[in-house]
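Q: For the record, the sequence lines run as chains Z and H.
If you count the first sequence from 1, position 7 lands on 7 in my numbering, and the numbers rise without skipping.
If you count the second sequence from 1, position 45 lands on 45 in my numbering, and the numbers rise without skipping.
Think of the hints as simulated: they come from the structure by calculation, not from any bench.
Hints should not be assumed to be uniformly reliable.
What the hints assert, rightly or not - Sample of chain Z residues with no beta-carbon within 12 angstroms of chain H, all distances over it, derived:
id, residue
1, Glu9
2, Ala17
3, Ile27
4, Glu118
5, Gly142
6, Glu170
7, Gln251
8, Pro291
9, Lys307
10, Gly370
11, Pro383
12, Thr535
13, Phe568
What the hints assert, rightly or not - The calculated label-pair distances, taken between Cβ atoms and stated as ranges, are:
id, chain 1, residue 1, chain 2, residue 2, range
14, Z, Lys364, H, Ile73, 26 to 34 angstroms
15, H, Thr21, Z, Lys144, 35 to 43 angstroms
16, H, Leu45, Z, Pro552, 24 to 32 angstroms
17, Z, Lys303, H, Arg43, 42 to 50 angstroms
18, H, Ala15, Z, Lys279, 19 to 27 angstroms
19, H, Ser39, Z, Ser402, 46 to 54 angstroms
20, H, Leu45, Z, Arg386, 49 to 57 angstroms
Owing to the predicted nature of the structure, the values given are computational and were not obtained by experimental measurement.
All C-beta atoms, glycine included, are put in the ideal place defined by N, C-alpha and C.
If you want the building blocks of each chain, they are given just below.
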Amino acid sequence: MTNLKAKYEDLPEDYKALGGRGLTSTIVAKEVPPTCDPIGLHNKLVFAPGIVTGSTAPTSGRISVGGKSPLTGGIKEANAGTNFSQRLARLRIAAIVVEGKVKGNEYYLLKLTKDKTEFLKADKWVGKGLYDAYKEIFKEFGEKKVSVCGVGIAAELRGAMAGISFNDPEGLPSRYAGRGGLGAVMASKGLKFIVVDDTGAPGFEIANKKVFDEGIAKVRDALLAHSVTKKGGALNSYGTSVLVNIINEAQGLPQNNFSSGQDKRAEKISGEAKAEAIKKNGGVRPHFCSPGCIIQCSEVWTKPGGKDPVGCLEYESVWALGANCGIYDLDIVAELNRACNDLGTDTIETGGTIAVAMEGGVIKFGDGKGALSLTEEIRKKTPLGRILANGTQFTGRAFGVSRIPTVKGQSLPAYDPRAIKGIGVTYATTPMGADHTAGYAIATEIMGVGGKADPRDPKKAELSRNLQLATAAIDASGYCLFIAFAILDIPEGLQGVVESLNGVLGTNLTVNDVSVIGKQIIDIERDFNKAAGFTSAHDRLPEFFIDEKLPPSNEVFNVSNEELDSVF
Amino acid sequence: MTIQIKLFGDLRKKAQTEAPTGGSPITLTIDDPKLERVSDILRKLGIEETEVSHIFINGKYSGLRKKVQSNDIVSLFPKNMGLLYKWYFHRDEDE
Numbered sequence: 001m002t003n004l005k006a007k008y009e010d011l012p013e014d015y016k017a018l019g020g021r022g023l024t025s026t027i028v029a030k031e032v033p034p035t036c037d038p039i040g041l042h043n044k045l046v047f048a049p050g051i052v053t054g055s056t057a058p059t060s061g062r063i064s065v066g067g068k069s070p071l072t073g074g075i076k077e078a079n080a081g082t083n084f085s086q087r088l089a090r091l092r093i094a095a096i097v098v099e100g101k102v103k104g105n106e107y108y109l110l111k112l113t114k115d116k117t118e119f120l121k122a123d124k125w126v127g128k129g130l131y132d133a134y135k136e137i138f139k140e141f142g143e144k145k146v147s148v149c150g151v152g153i154a155a156e157l158r159g160a161m162a163g164i165s166f167n168d169p170e171g172l173p174s175r176y177a178g179r180g181g182l183g184a185v186m187a188s189k190g191l192k193f194i195v196v197d198d199t200g201a202p203g204f205e206i207a208n209k210k211v212f213d214e215g216i217a218k219v220r221d222a223l224l225a226h227s228v229t230k231k232g233g234a235l236n237s238y239g240t241s242v243l244v245n246i247i248n249e250a251q252g253l254p255q256n257n258f259s260s261g262q263d264k265r266a267e268k269i270s271g272e273a274k275a276e277a278i279k280k281n282g283g284v285r286p287h288f289c290s291p292g293c294i295i296q297c298s299e300v301w302t303k304p305g306g307k308d309p310v311g312c313l314e315y316e317s318v319w320a321l322g323a324n325c326g327i328y329d330l331d332i333v334a335e336l337n338r339a340c341n342d343l344g345t346d347t348i349e350t351g352g353t354i355a356v357a358m359e360g361g362v363i364k365f366g367d368g369k370g371a372l373s374l375t376e377e378i379r380k381k382t383p384l385g386r387i388l389a390n391g392t393q394f395t396g397r398a399f400g401v402s403r404i405p406t407v408k409g410q411s412l413p414a415y416d417p418r419a420i421k422g423i424g425v426t427y428a429t430t431p432m433g434a435d436h437t438a439g440y441a442i443a444t445e446i447m448g449v450g451g452k453a454d455p456r457d458p459k460k461a462e463l464s465r466n467l468q469l470a471t472a473a474i475d476a477s478g479y480c481l482f483i484a485f486a487i488l489d490i491p492e493g494l495q496g497v498v499e500s501l502n503g504v505l506g507t508n509l510t511v512n513d514v515s516v517i518g519k520q521i522i523d524i525e526r527d528f529n530k531a532a533g534f535t536s537a538h539d540r541l542p543e544f545f546i547d548e549k550l551p552p553s554n555e556v557f558n559v560s561n562e563e564l565d566s567v568f
Numbered sequence: 001m002t003i004q005i006k007l008f009g010d011l012r013k014k015a016q017t018e019a020p021t022g023g024s025p026i027t028l029t030i031d032d033p034k035l036e037r038v039s040d041i042l043r044k045l046g047i048e049e050t051e052v053s054h055i056f057i058n059g060k061y062s063g064l065r066k067k068v069q070s071n072d073i074v075s076l077f078p079k080n081m082g083l084l085y086k087w088y089f090h091r092d093e094d095e
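Input sequences plus hints: build the corresponding full structure.
A: Structure (structure tokens):
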């Protein structure tokens with residue numbers, strides 16, 4: 001960005017088998033000094049579609065974004081589902097590496113087409129909400145031809161909870177590479193939008209079509225057969241927020257800044273309530289985030305009469321902006337989600353931030369209107385807004401809160417680690433900071449992990465390690481993590497994933513290589529974090545999870561430090 | 001023995017009360033000395049084992065053969081609410 005110049009390089013030989021998180025973490029580890037200032041000159045921002053993204057592989061419209069995180073101070077990969085990923089892949093762009101920094105305070109829009117790259121002035125959208133900005137950009141560049149990526153007001157503030165937004169099929173800024181403040185990195189370089197137009201693109205390359213086609217057929221069959229991923233299954237019927245009532249029954253749904261694990265009012269913000277309301281209000285359900293997805297877990301929430309679309313209301317968002325803040329009104333939760341999308345913030349971090357602000361007395365728990373007014377502080381760029389835009393840890397400290405639910409500075413997601421200890425181990429040990437998707441999985445049986453433990457039995461290290469390895473591998477592949485539900489139970493599905501990778505790359509991977517690939521990625525990330533100053537002392541949960549019993553089960557997080565250190 | 005059964009999602013139809021709305025479960029109170037295990041409860045309510053995904057007893061993730069005690073709260077979810085990071089949950093069972 002320093003000279004407003006774009007350079008094309010052939011993908012180096014040793015990157016040929018990488019994609020998604022594998023590619024972003026490799027490039028970041030190689031090219032970013034681990035002790036650099038995340039919003040300074042030397043950080044880089046890397047965008048990479050997955051290995052099969054852009055092909056006819058089902059449920060694979062995913063893009064990874066990587067860099068050094070302003071929130072955690074460590075390496076970060078954030079992942080989004082959007083057709084932006086597929087347009088890039090069809091242009092045969094394996095990665096975009098954004099480096100340097102614009103000299104002044106201007107912002108640019110990077111336009112990518114088959115034949116050229118252009119840096120266009122983007123200042124007219126500074127201070128504007130992303131819903132309006134996206135409308136204007138699609139109008140200017142051609143609704144059907146382009147995909148859009150952008151950062152909002154929170155990123156203009158260099159807020160550490162600024163995410164990177166991408167368009168959904170309706171052109172709304174609702175798909176996010178949200179976690180870890182990578183939006184601030186993008187803005188710090190003077191880059192506000194990327195528009196990709198793949199007209200005339202060469203198209204996706206496959207080394208061995210026969211192997212590829214056989215592989216994706218197996219993946220497709222698994223997705224269509226499994227009760228979680230099939231048409232009319234859990235994800236298709238209710239979306240991810242089907243988990244609200246489930247985790248509430250498990251007594252692990254954090255309420256009021258992780259003060260308890262269950263509340264009867266949670267049913268009002270459940271997936272079932274949401275699906276019914278969307279039907280009544282004339283919204284869209286089900287819906288895919290990117291073409292080719294056969295799970296279709298997504299939706300468009302609207303006001304009555306189909307007006308003022310927000311986008312999807314994910315489990316994590318509904319929990320963070322709802323139950324964790326003591327707010328049990330879906331209309332208000334939806335408006336808070338709209339505010340996050342409009343300002344360009346991560347919904348999980350925003351919910352955690354509002355909750356610690358509530359604990360710190362800025363507003364009361366349960367005050368939905370108050371929560372909305374806090375988001376307006378960010379929009380107006382007030383000093384309070386600047387505090388909030390920097391996330392849960394920063395806001396908690398500013399208001400004298402000691403019960404701050406973060407690991408490596410990143411806000412915990414929607415499972416209390418005292419009720420579900422295995423996920424607590426993942427929160428503590430993943431290089432990403434407190435992250436629920438990092439420990440997502442592939443078949444535990446296939447990976448050789450015994451599924452025999454009690455969820456409240458602390459022996460979780462081996463499980464977490466294997467889950468993290470498998471997840472890293474899926475993050476690199478370009479498939480959506482949700483395929484894991486199907487290929488967990490249907491081994492041919494996992495076989496199909498591996499075959500499709502072999503078909504694209506011309507390799508001979510087996511199922512056993514999945515954890516090897518995952519381990520390579522995790523090793524690269526852990527090495528970066530170590531050089532950035534992380535030690536085992538950072539692989540810990542906040543002490544209140546150990547000291548404070550979680551009602552109603554009265555569990556504490558009692559996994560030993562030795563066991564946490566044995567994960568890797 | 002007296003047990004509370006919470007039926008979620010489509011399983012609410014088994015309660016044969018008015019049509020359920022929103023996300024609220026329907027809670028049935030059952031008093032029956034012959035109920036020993038979760039599978040007995042399903043049989044009593046006319047629910048096939050294949051229609052059920054998650055089972056919680058007092059918040060603990062459980063299996064079909066788990067024995068129930070008086071005053072237990074048993075939560076049942078239908079097949080199309082089967083989403084869960086299963087790898088972190090193991091079904092508690094009795095032989």
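Q: What hints, given by number in increasing order, does this structure fail?
A: 7
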